[in-house]
Amino acid sequence: MSLDHATVRRIATLARIRVEETDIPRLQTELNGILGWIEQLNEVNVEGIEPLTGAAHMALKMRDDVVTDGGYPDKVLANAPDRAGAFFAVPKVVE
Amino acid sequence: MTLTDLTIAQASEGLRAGEFTAEALTLAHLHAIEALNPRLNAFITVSHAAAMDQARAADAVLARGEARSLTGIPLAIKDLFCTEGVRTTAGSNILSPFVPPYESTVTSHLLRDGAIFLGKTNMDEFAMGSSNMTSAYGPVENPWKRRQDADAVLVPGGSSGGSAAAVAARMAMGGTGTDTGGSIRQPASFCGIVGIKPTYGRCSRWGVVAFASSLDHPGPFARTVLDCAFLLGSMAGHDPKDSTSADVPVPDFPAACARGVKGLRIGVPREYRSDGMPAEIDTLWAQGVAWLRDAGAEIVDVSLPHTKYGLPTYYIVAPAEASSNLARYDGVKFGARTDGADLRDLYERTRAAGFGAEVQRRVLIGTYVLSAGYYDAYYLRAQKVRALILRDFTEAFASVDALLTPTAPSAAFAQGEKMDDPVQMYLNDLFTVPANLAGVPAISVPAGLDANGLPLGLQVLGKPFDEATVFAVGAALERAAGFEALPALRAAGRGSV
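Residue numbers (the working numbering), protein chains in the order written: chain A, 182 to 276; chain B, -5 to 491.
Don't take each hint at face value.
Claimed, not checked - Cut-off 27 Å, straight-line C-alpha distance, at most; resulting in silico cross-link-like pairs (DSSO-like, lysine-lysine):
no.	chain 1	residue 1	chain 2	residue 2
1	A	Lys242	B	Lys139
2	B	Lys412	A	Lys256
3	A	Lys242	B	Lys235
4	A	Lys273	A	Lys256
5	B	Lys139	B	Lys412
6	B	Lys327	A	Lys256
7	A	Lys273	B	Lys378
8	B	Lys302	B	Lys139
9	B	Lys235	B	Lys302
10	B	Lys327	B	Lys235
Said to hold, decoys possible - Which residues of chain A face chain B? A partial, calculated answer using Cβ under 7 Å:
no.	residue
11	Ile198
12	Trp218
13	Leu233
14	Val271
15	Val274
Treat the hints as calculated values from the structure; they're not laboratory data.
A quick note: this is a predicted structure, and the numbers were derived from the prediction, not measured.
Each residue gets a CB set at the ideal place from its N, CA and C atoms; glycine is no exception.
Take these sequences, add in the hints, and give me the full structure.
Spelled out as structure tokens, the structure:
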């Protein structure tokens, strides 16, 4: 599988990263280089193997579904690039 | 006595005996940072005033006879650990304005045990790199120099290159790192120090900026195996705030260092011999085998047949998780923002300006391998190969107590080398990545020098939650190697440099 110009454009859009037209050929080469190298995994026989999602050598714990933290909007908003009162502020989305 | 040359174990004794104060010890390290950091660039932030306050508080604790395991010990903290009120950048422009309102669990454990934080160390952006060259805050210089080419500026390895360089150059007695594919062990090997990636779940990831959550492991750096044992003993422990944090007791790691290897079965995996690996690494590996045999261990030839698939598996799983974790950097809730015509334009411009080239590449790869139509071919297949890699380890550990391998396929390289092709850089992590995929503990111990006088590390891997054996074997290697070489650039002198 090799990424064409349109696919690079599509994944950049999915990833919400602005990519200039002039940068697409470079990205195409780099990403195809990486994906080409990854293709060696196709040699591995994975028939009947259960996928492994993580490295934790134990079962995840259950916990009570209760609020354990919060109640300090100023602390939460302290790092916001823009705020309006106790809210995060963004450019207008609804006309 | 040069305060900056002491080990953590020696310094703890000296502090308790009243031979010097935590204030003097901290000041000596701050002076070292002042002298060396403009060149080495190991620290992004130096917390001079806060460190001195902590030192004075430590002296009061010492005077009351209430010292804990790390009281008065000055440490370097990788800038991936959130530190309350101290800027935390993850080596990225996108987090350049970020001041965490909370403290990571690992750093809060270190503070609980009396450690002093000198500052936040440089790193590859979002821990994505093996050279520290992807940092938005400039590269770090390795304090070691090639004998033949002393002007070459070498990389400290990565991603935890700043912590490794700081500990090697005696700007800190120990430090924290994180290891997602080798980011503690490879810089430890390149800088001639010790670094351990514990078992997945041993150290909480809460408050550590996430790269690839199923692969990220916090862990310590120090100049001796015993010092790493002290640090890990403090950093470890169950944390209800991280659902993957293991609720298991933390053994006495320092005690394990004295255990020896008599009667242990040490596996030597034949697949850890790579094409083009320098002969001196092969020789050092054989030397390590001989040292352990002489110390009473039984050496066993083992096979980990899927070793070579570790890296390509990693370069699907890690970018996939990264693309998901890094979705939070959207210029809205925290971090840097670049304004746009509308909200979507704001997101896209923020992320284009805030992420460097390597981070963008990995987010794009991750987005692609998770996208509709490609998920099964890439991500699902990689998860299955990951299961096979874990099975290799489980089968090997049925007959051996630990494994011995080289840490990295080369010594430190120069800035600018391996930069043209991302895959060439990725190959650095050939021997370290499998332990992340399997979640097993692994330590790097400096064991010798290459022909150019650069340090080389050997890696010991152990069973899940058996760091104690890893420390025992690591300490045995350390005793046999008698590694005493020093980097060319380092702090010197009593309280000043």
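I'd like to know which numbered hints this structure contradicts. Please list them from smallest to largest.
Numbers 1, 2, 7, 8 and 9, in rising order.
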